[in-house]
Each structure stands twice: as C-alpha cells, then as structure tokens.
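K.L.:
Residue numbers (the working numbering), protein chains in the order written: chain A, 4 to 70; chain B, 6 to 649.
Keep in mind that the hints were calculated from the coordinates and are not lab data.
A few of these clues could be false.
Stretch-level coverage of chain B by chain A, calculated; a stretch enters the list once three of its residues show a Cβ under 8 Å from a Cβ in chain A [claimed, not checked]:
1) 197-206
2) 425-434
3) 630-641
We put the CB at the ideal spot given by N, CA and C, even for glycine.
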Amino acid sequence: MGLDIRWPIGLMFTLIGVLLIGYGAVEYAASMRLGMNINLIWGVVLLVFGVLMLLGAARGRKTPPPA
Amino acid sequence: MQPIHLAWVDYTILISYVVFVVGIGWALSRYMKSSADFLTSSHSIPTWVTGLAFISAKLGALELVGMAASGAKYGIATAHFYWVGAIPAMIFLAVFMMPFYYGSKARSVPEYLQMRFNKPVMGLNAIGFAVMTVFASGISMNALAKLLNQLLGWNYHFALFVCSGVVLIYVLKGGLTSAIYTEVLQFFMIVLGFAPVVYLALKDVGGWSAMTTKLHAVAQNPMALDLNTKAFAPDAWTSAWKPLLGGPSANPMGVDVFAIVFGLGFVLSFGYWCTNFLVVQRAMAAKNMTAARNTPIVAAIPKMLFPALVILPGMLAVALTAMPDKDYRIPPPIIAPENYAKAVDVIKNTNPPNPTAEIKDVSGALGQKVNADKITALITANAATKLSDDQIKEGVYNAVAAYDYDSVIFSLVKKYCPAGLLGLALTALLASFMSGMAGNVTAFNTVWTYNLYQAFFVPNKSDGHYFWMAKFITVVGIGLSILCAYFARQYNNAMDIIQLVFGFVNAPVFATFLFGMFWKRTTSIGAFCGLLGGILGSTLFHAFTFAHGNLPGVKGGYLGMKIEFPSEMAQNFWLAAFAFTVCFVLTLVISLATSRTKTDEQLKGLVYSLTPKIVDHDVPVWQRPAVVGTVLLAACVILNFIFW
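With the hints as constraints, model all of the structure from the sequences given.
P.N.:
Shown next as structure tokens:
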C-alpha cells in the first residue's frame, strides 16, 4: 500500500516525546518517581525512537523499492 | 480503586492517538479499489509490518491484563504460554504450513479447507470462526468500556460507542491494511508504554534477585498473603519447570508436565497459531512467499521476550504486596463504598480483646473474606488511639483476603506513572483494545464475504458487489460486537461460556489441518466427521468433568461429575488433548474407510507430498525460514533452561 507506516509511527512518537519532555520540564516535581524525572527521561527515549522512524521513512522515499 | 484523574497532557496523548489512527484510515482509503484491497491488502505489505501485526493481533489488552494476573497467581510458569505455547507453533507455521496457505492462493484459512476438501468442511470451520470473532471483539469492547468506567469514571455506553465508532471509521476507510497498520502502531505503544512501568516496579522492589528472594518466602507461606491455601517449594513462583515436575499439587497452576507439553504446547498452541485466520491473515497479506513465511518468524522474536513485559509485572506485584513498607497491595475485588462504611462502623464500635464475632461482621458487611489478624490489629489500634474513618477504611481495604488479579496491571500503572506517562500507558491499553476489535472485525468480514456469502448464498456477482458487501458487513460486524459487549456485561457467566465455546471449536481443528496438509489419503468425509466429532467430543468431555472447587454448571460436570481435575487450567488442557485425539482418530479411521474424491493432480499445492519443495537458495541465509526458525527454537530452549 502507498503509505509507509513509518511516517505515522515516527510522527506520533515524536509528538508524544516532545509532550512528555515539555510536561516533565514544567511539572518537574510531579514527574519524579524513585528519584528520576521519568517523564523527561522517557520523553527523550520516545523522541529518539520517533526521529529514527522518520529518518527511516525519509530514506525509504528516496530509494523506492522496485515495484 | 479510586478513579484516576487525567491531566491535560494525558488527554492530549489520548486524542492524538485517535487522530493518528483515523488519519491512517483516511490516508489508506484512496488505495481501496476492490474487495481484495479491502479484505486481503492485495499482498502488498512488508514483512516487518505483517510480523509485528501478527503478534499484535493476539496481544490484545485482555492478554496484557490476563498475563499479569497469571504472573501473580502462578509466577514464571505462566511463560509457558509463550515459550511452549507459541514459539514452536509459530515456527512450524512459517516453515511447513505457510507455503500451503500462501501458495494455494486461498483468500482465507477456511478457503484452504474448501480447496483441500469441500464446501461443508469449509462451512463448518467458517461459521465457528465467524461467531468466535464477533464474540471475541464484543468481550474485548465490554472489558474496555468497563475499564474506562472504573478507571476514569467515563459513562459505560459512551465509552463503548465512541471506541467502536473510531474502529468503525478506520476499518471502513482502510480495510485490512488499516487494521494491520494500527496493530503495528499499537505494538510500539504497548512496548514503549509499559516498559517504564515494569522498570520502575523492578527498581522499587530492589532488582531481580531481591524479587526472587521475596517470592521464595511467599511461596513457602502464601497463606500469610492469602494468595493460596497451601505451601509450596521456595521456587514455585520463580522456576518455570521444576514445580511442574512435582505434579499438579506441587505448583500453584495445578497442572502436570504432560498437560503443559501436549495440551498447551501441542494441541492448543498449534490449533491457535497455525489455523486461526485472525493471525494467519496477517501473514497472508505479505508481499511474497518468503515474506509470508517470515511473518511468524519476525513475530517470534519479540514474542519470546514478552514475558518480561507482561508476566513480570504480576510477579513484581506479589513481591511488592509482601513488602509492607512499599504501601502496595494487589487490589481487592471492588467493594461498594457503603459496604466499606458498614465495616468501618463495626470496627469503631468494637472493643478488644476477643473480636471473633466482629471479624465475621466485617466480613459480612464487605461480602469478602478478611484477614483475621489484620482486623484484630486494626481494632486494637483503634481502641488505643482513635483512628479517623479514612484510616480505618484503609486498614479494612488492606485486610480484605481476596484479590482482583485482573487489576494488577492498572494498579501498577497508577502507582508508578505520573501524569504524562499515565496518558501514554492508558492510551496503549485503549489502543490494544481497539486494535483487538479491528483485528476480529477484519477477519470476520473476509470470512463472511468470501466464505459464507459468496460461497453459499450469492455466488458469481461482480467484484463491486462483494466490495460493497465487505463494507456493509463491517458495519454489521461492529454492530454485532456491540450487542455481544452488552450480552457479556449482562451475564457474569457470559465470559466463561464464550471461552468454553472457543475451546470446543478450536481444540480439534488442528488435527484436520495436519491430516489435510500432510496426508493425501485424507478424505472430505473423514475430515468433516472428524471435525464435528471433535467438537461434540470436547462438549461431552466437558459435561462429565469438573475442576476442584467448582460446582457443576457452566464450568463443567453438568451431566455428572465423573472426573475431577486439580484446577480449571488442567481441565482445559486435558479437554484440548481429548478433543484433538477424537478428531485425529475419527479422521484417520473414516478416511481409510472411504475413497478419495480428489486426484493427486487436484491436490498439488495443497498437500505436502504432492507439492514441489520450495527452493530458497537465492534467498540470503538470514532470511530463510528454516534456518532462522531453527536458531529461534534453540534460543527458546535456552530461555527455558535459564528459568528452569
């Protein structure tokens, strides 16, 4: 099918990652669990994952598979 | 549990997920030009996507909830549902069965049966399957709506209709492709949404070895936590095989090795993974034969590691419950606030030292068993220094000697997730419920349109007509699921009855496929009688057996309590083994007694011995299903030894 699933996955996790980082930074105290700002940390993980997916999708578009 | 309040950030995550899935459906809608595009994705999807969808279709929220519950009840032996009950069957499907499903150009699993045997065999399988998918998606949606009601305080009907509506939109727009894509999205949501919860819980307990030490103590005296009524060896919760070797009485599951290996590992697991169209459909959507065969292989890799995500939380919950300083217990069954109030009154008006009658009163007010020592301590504490109502209520809550295991996973999410992460975890749950419904509906509409409507009722129409029917039946399927959700909500036993019927229909079916694919002598009459006999056989078996502690009724024994099993799980495993054997023997004997109606030429591509072997020398070694499958099997064996 014409839609590369990596686009929506990448976009969504980038968005959620940014949201968590932002929320973790603003609500710093409320985001602490067991001595870690878990929103901030996990937001970064999701952002990295999202960006990797987007990069993969972008590379896939440059070299279309032989159809 | 108290309802959870969501912050704006949680709602933003929830809503953005819904926007994305609807967006995916909308983006795919312009590619939907024929019934094949809509129902089978026209063989166009890359392997990693079908592979993740393959496990994701099964990784519904019910599994997430159920596996955490079993992890708490039975410990690491629950992993057998993965290492014994899934991986070998998935690899068998990839290596041996996929070539026939994909190579025969069948559009569904029942359609293979029509090609191999005849229409009646296919019809029997298709009807059973169609009914099952509708009920499965109904159960899933009922659970979701109930959960949103309890957890977030949403209106049940509102939750049910909104979630079903979202599924309807994206399935109607993008068909099977839409369902597969959202399953992949859901896969990442589940993994990335729950990993931090498991990590935090593990860290809180003090790491793996601290958890096992705690569980050793629990296993030797589970009565202290009211987890079980008898003591076990220290490793009962932390070893996968050793407790099973001691027989049904030596492990909390109440099963023996034969039931696990033959009942679960062979009959149930191969019956599910190798013949259930819901999962096989994902592999059939792959773009070529190698991709189709590699779909279950790709799926097997994360599947093998899933116990860490879904079973470990249950074990951690038990360890946390056993640590008084962690302020955690596995939640008790839901008790109405007025009943708590009554229990608090009883305690306020009691004086030590001999509160036997009052303990009974507390238990009666709550409608649950209570831990006598904890209530006595609470009464003593209240007599010494007047406690507030809330403090007493908390004490009563902690003294309830029963567990609602299904809420293990939510209670951990609630304990460890701050706003933000909470939104992510809840969205993951919501996503998995919805994709469970989507998966069932897309399998249902294919079987209905091709195998029932086209095959039996209205053949020889234009593709446009079937395309229209496929969309129409999608709407009907969602409507029926909603009805089933209400049915499941109305009757407490509904869930048990449905599970039971699944068992009757599913258990014998693998024998039919095994004979069909690997023995050319199998006749259509033999297959039909075997399948029907297997279904009837399992019904009869159930009618005469019961599990220890159960009364005759929905759970068996309604025609006489002839055989008693130590647990329901053992009863299920033995039922599966029995049904399979009946189907196997009947198919074998009747096939030998009747003559074949199909020639060798007609069976080419459908039966192993009459089909040219697949030559995959041009495929790189790391993409050959047989090679990778063997490696994965070895890895799975090693895992079993590590947690022996």
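K.L.:
Just to make sure I understand the rule, a stretch counts as covered if three or more of its residues have a C-beta closer than 8 Å to a C-beta of the chain. Does the segment 630-641 of chain B meet that for chain A?
P.N.:
violated (count 0)
K.L.:
Quick check: the segment 197-206 of chain B, covered by chain A? Criterion 3+ residues, Cβ under 8 Å.
P.N.:
Result for this restraint: holds, n = 3.
K.L.:
Please count how many residues of the segment 425-434 of chain B have a CB within 8 Å of a CB from chain A and say whether that reaches 3.
P.N.:
Answer holds; 3 residues pass the 8 Å Cβ test.
Against the hints set out earlier in the document, a violation occurs for number 3 only.
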